[in-house]
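S.K.: Residue numbers (the working numbering), protein chains in the order written: chain R, 1 to 324; chain F, 1 to 396.
In case anyone wonders, no lab produced these hints; they're calculated from the structure. Among the hints, a few may not be true.
[Said to hold, decoys possible] Quick list of the computed label-pair ranges, beta carbon to beta carbon:
hint: 1; chain 1: F; residue 1: 276; chain 2: R; residue 2: 59; range: 14 to 24 Å
hint: 2; chain 1: F; residue 1: 276; chain 2: R; residue 2: 227; range: 24 to 34 Å
hint: 3; chain 1: R; residue 1: 122; chain 2: F; residue 2: 68; range: 13 to 23 Å
hint: 4; chain 1: F; residue 1: 333; chain 2: R; residue 2: 276; range: 56 to 66 Å
[What the hints assert, rightly or not] Stretch-level coverage of chain R by chain F, calculated; a stretch enters the list once three of its residues show a Cβ under 8 Å from a Cβ in chain F:
hint: 5; segment: 126-138
hint: 6; segment: 181-191
hint: 7; segment: 294-303
From the three backbone atoms N, C-alpha and C, an ideal C-beta is built for every residue, glycine too.
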Amino acid sequence: MDTFLQQMVNGLTAGSVYAVVALGYTMVYGIIQLINFAHGEVVMIGAMVAFSVINLLVPAGLPPLAIVLIGAGCAVPICMLVGYGMERLAYRPLRHAPRLAPLITAIGVSIILQHVALMIWSRNILAFPQIIPSRTYFIGGAAITTVQIAILAICFMLMASLAILVYRTPLGTAMRATAQNPQVAGLMGIDINRVIAVTFILGAGLGAVAGVLFGTYYGIAQYTMGSVLGLKAFSAAVLGGIGNIPGAMLGGVLLGVVEALGAGYIGDFSDLCAWGVPLAACEGGGSFILFGSNYQDVFAFLVLILVLVFRPQGLLGERVGDRA
Amino acid sequence: MKNIQIGISAIAAAIALIGCGQQGSSGGGAGAEVKIGHVGPLTGGIAHLGKDNENGARLAVEEANAAKIKIDGKDVKFTLVAEDDQADPKVGTTVAQKLVDAKVVGVVGHLNSGTSIPASPIYNQAGIPVISGSATNPKLTEQGFKTQFRVVGRDDQQGPAIASYLATNNKPSTVAVIDDATAYGEGIANEVEKTLKAAKINVLPREKGTDKTTDWKAILTKLRGRNPDAVFYGGMDATGGPLLKQGRELGIKAVFSFGDGACTDKMKELAGDAAEGLLCSQAGIPVEAADKKFLDAYKKKFNADPILYSPFTYDAANMLIQAMQKANSSDPKKYLPVLQKLDFKGATGKIAFDDKGDRKDAEMTIFTMKGGKLTPVAVIQGGKTQTYDEFVKAAK
Chain R
1 MDTFLQQMVN GLTAGSVYAV VALGYTMVYG IIQLINFAHG EVVMIGAMVA
51 FSVINLLVPA GLPPLAIVLI GAGCAVPICM LVGYGMERLA YRPLRHAPRL
101 APLITAIGVS IILQHVALMI WSRNILAFPQ IIPSRTYFIG GAAITTVQIA
151 ILAICFMLMA SLAILVYRTP LGTAMRATAQ NPQVAGLMGI DINRVIAVTF
201 ILGAGLGAVA GVLFGTYYGI AQYTMGSVLG LKAFSAAVLG GIGNIPGAML
251 GGVLLGVVEA LGAGYIGDFS DLCAWGVPLA ACEGGGSFIL FGSNYQDVFA
301 FLVLILVLVF RPQGLLGERV GDRA
Chain F
1 MKNIQIGISA IAAAIALIGC GQQGSSGGGA GAEVKIGHVG PLTGGIAHLG
51 KDNENGARLA VEEANAAKIK IDGKDVKFTL VAEDDQADPK VGTTVAQKLV
101 DAKVVGVVGH LNSGTSIPAS PIYNQAGIPV ISGSATNPKL TEQGFKTQFR
151 VVGRDDQQGP AIASYLATNN KPSTVAVIDD ATAYGEGIAN EVEKTLKAAK
201 INVLPREKGT DKTTDWKAIL TKLRGRNPDA VFYGGMDATG GPLLKQGREL
251 GIKAVFSFGD GACTDKMKEL AGDAAEGLLC SQAGIPVEAA DKKFLDAYKK
301 KFNADPILYS PFTYDAANML IQAMQKANSS DPKKYLPVLQ KLDFKGATGK
351 IAFDDKGDRK DAEMTIFTMK GGKLTPVAVI QGGKTQTYDE FVKAAK
């Protein structure tokens with residue numbers, strides 16, 4: 001039971017970070033039907049900028065929390081600028097081009113961003129300064145650290161405020177209108193270019209926060225960290241129904257939990273000895289494990305495939321004929 | 001259809017001819033320039049170790065040039081052709097072929113066992129001697145290649161060393177063994193498991209991550225439920241650091257022990273305070289126990305301290321050069337037999353190869369993290385354990 005509870009805590013923490021990243025994918029897809037594969041790289045840039053700022057400030061002797069906040073405070077606007085820049089330079093000129101063109105451009109942008117980061121921050125794995133003293137609390141046998149609590153709180157707060165923004169403000173109404181039908185929204189007096197740019201900026205800002213959280217949680221940052229994280233968040237967005245904002249939140253959290261439980265229990269379930277298969281390795285309480293916990297990363301993509309096969313519109317998505 | 005087949009075989013024959021021509025000319029390298037290859041990852045998670053290895057070899061080559069070595073009565077200039085294998089087996093073989101095509105006469109590398117093993121047949125076929133300064137997987141020298149050498153110990157010496165130290169000093173009753181599913185990680189983890197089981201210690205079923213895993217919590221949580229007294233991880237520091245940090249966050253109190261891949265000062269940065277008290281082993285002797293002359297020269301040239309295996313790649317490059325000098329030829333065919341029998345005294349002590357190309361009587365050192373610094377505690381040589389202080393005293 002301890003173990004199960006702990007796996008849930010682990011899964012929820014990782015999942016809430018996936019959810020925040022997935023929002024960036026889903027918001028952009030919802031509004032211009034573009035899968036922005038460069039979003040994972042924005043997250044990486046967020047982590048890297050925060051890394052540099054925090055490293056710069058540590059000798060200044062400010063309180064740790066203030067340093068991390070300043071780090072995040074620098075990462076968010078820079079990532080917003082990157083998000084705006086790529087929309088303006090790479091995607092806007094291609095808005096009316098065939099679907100495939102912006103998709104390939106997105107892959108190109110992602111490679112460019114990765115290599116810019118490589119040039120600035122080197123290829124080394126960077127140890128994120130661990131300045132916030134991490135306390136561990138035990139709740140019902142499950143260990144939860146202060147950093148984990150902060151991540152959960154920040155992620156759910158961000159998700160709630162985004163939901164309010166999208167469903168309760170004039171800007172959100174404009175975004176939803178543009179998502180439904182850009183031409184008509186334009187005729188109604190909505191500045192579509194502005195709304196699309198704001199969507200990119202918001203997504204990038206969320207990505208920056210996710211990057212900082214990822215860095216402080218795992219204690220590492222590297223220029224390649226965005227690709228797997230981005231792919232997992234993309235899977236989460238598809239799981240929830242791409243283009244659907246609550247779907248991305250649900251998909252992210254679910255994916256984190258599935259991954260944690262999957263990696264935690266697959267070894268036990270695929271142990272042939274536990275199933276009573278008579279093997280030489282089983283003698284004297286031995287085991288013969290078919291799939292080990294190294295299949296952890298496979299779960300995200302297994303989920304992606306299963307969703308695409310059985311419920312292509314995702315958990316909360318609606319089947320929309322002309323967009324599929 | 002038949003025409004196509006004839007066409008293909010004609011092309012194949014042409015390629016074979018070109019191939020022969022190249023091999024024929026690669027022998028006569030006794031000219032002005034002698035190329036020595038170096039391969040290690042210069043990009044990716046362990047690029048810092050790759051660069052360190054390259055620096056070691058580069059220092060040896062530059063010192064040889066400064067000493068104005070003559071071979072066969074002619075002045076020679078050694079050049080180091082440094083390649084990046086990205087720690088990727090596929091890239092490793094491509095790069096090996098590239099070095100063969102560039103007509104290097106000897107190679108120092110690769111850093112990883114996972115890239116060294118697939119690359120070794122390529123060098124063997126070309127008849128080019130290769131000395132690895134850091135690949136510790138036993139399989140590397142078990143393939144019967146006359147061109148393959150290494151100046152570090154093997155996992156089947158290193159694994160038993162750390163495992164027997166753990167067994168006698170920490171006396172655990174249950175140990176969890178994790179590896180990163182690479183040739184290196186799995187190799188050393190297997191040896192540790194074998195030694196622990198021989199010492200009648202209960203070993204939990206193997207857990208595996210990958211060499212890119214950042215989230216170890218699922219695995220560690222599972223292990224926590226089984227309450228091991230010690231954990232061994234076969235893998236590199238880039239993954240070992242997060243593993244250790246997350247293990248402590250989950251409240252695991254077991255002793256964490258690592259092989260040489262995660263026996264670096266970077267563990268302190270990556271795992272923070274959690275790094276305190278870890279145990280780890282390095283094949284060979286500590287960097288700071290290497291020859292003082294080497295340490296000073298390295299520091300002066302690169303303005304940094306050697307990290308891990310550069311004393312070994314330095315020795316490896318020097319051995320190639322010395323063998324060429326003794327054979328009075330840079331032709332691999334001529335100097336290879338000399339290299340095999342070379343009695344060498346280098347920055348890491350006396351080196352001589354056995355029949356397989358392994359270093360005879362390789363030392364293993366056990367470290368612990370104390371006050372944020374890796375501190376050597378014991379040296380194991382030929383199954384004999386000495387404390388580090390005894391070892392240093394005996395060496396002086």
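S.K.: Evaluate each hint against the coordinates.
M.R.: A quick look at each hint next to the structure:
Residue 276/F and residue 59/R have their C-beta atoms about 23 Å apart, which keeps the hinted 14 to 24 Å range intact. Restraint check, residue 276/F to residue 227/R: a C-beta distance of roughly 33 Å satisfies the suggested window 24 to 34 Å. Take residue 122/R and residue 68/F: their Cβ atoms lie about 36 Å apart, and the range 13 to 23 Å is violated. In this structure the hint that residue 333/F and residue 276/R lie 56 to 66 Å apart at CB holds, the actual value being about 59 Å.
For the segment 126-138 of chain R, the stated coverage by chain F holds: 5 residues have a C-beta nearer than 8 Å to a C-beta of that chain, and at least 3 were required. For a cut-off of 8 Å, the count of residues in the segment 181-191 of chain R with a CB near a CB of chain F stands at 0, and the three-residue condition is violated. Given as covered by chain F, the segment 294-303 of chain R passes the check, having 3 residues with a CB less than 8 Å from a CB of that chain where 3 are the minimum.
Of the hints listed earlier, those the structure fails to meet are numbers 3, 6, in rising order.
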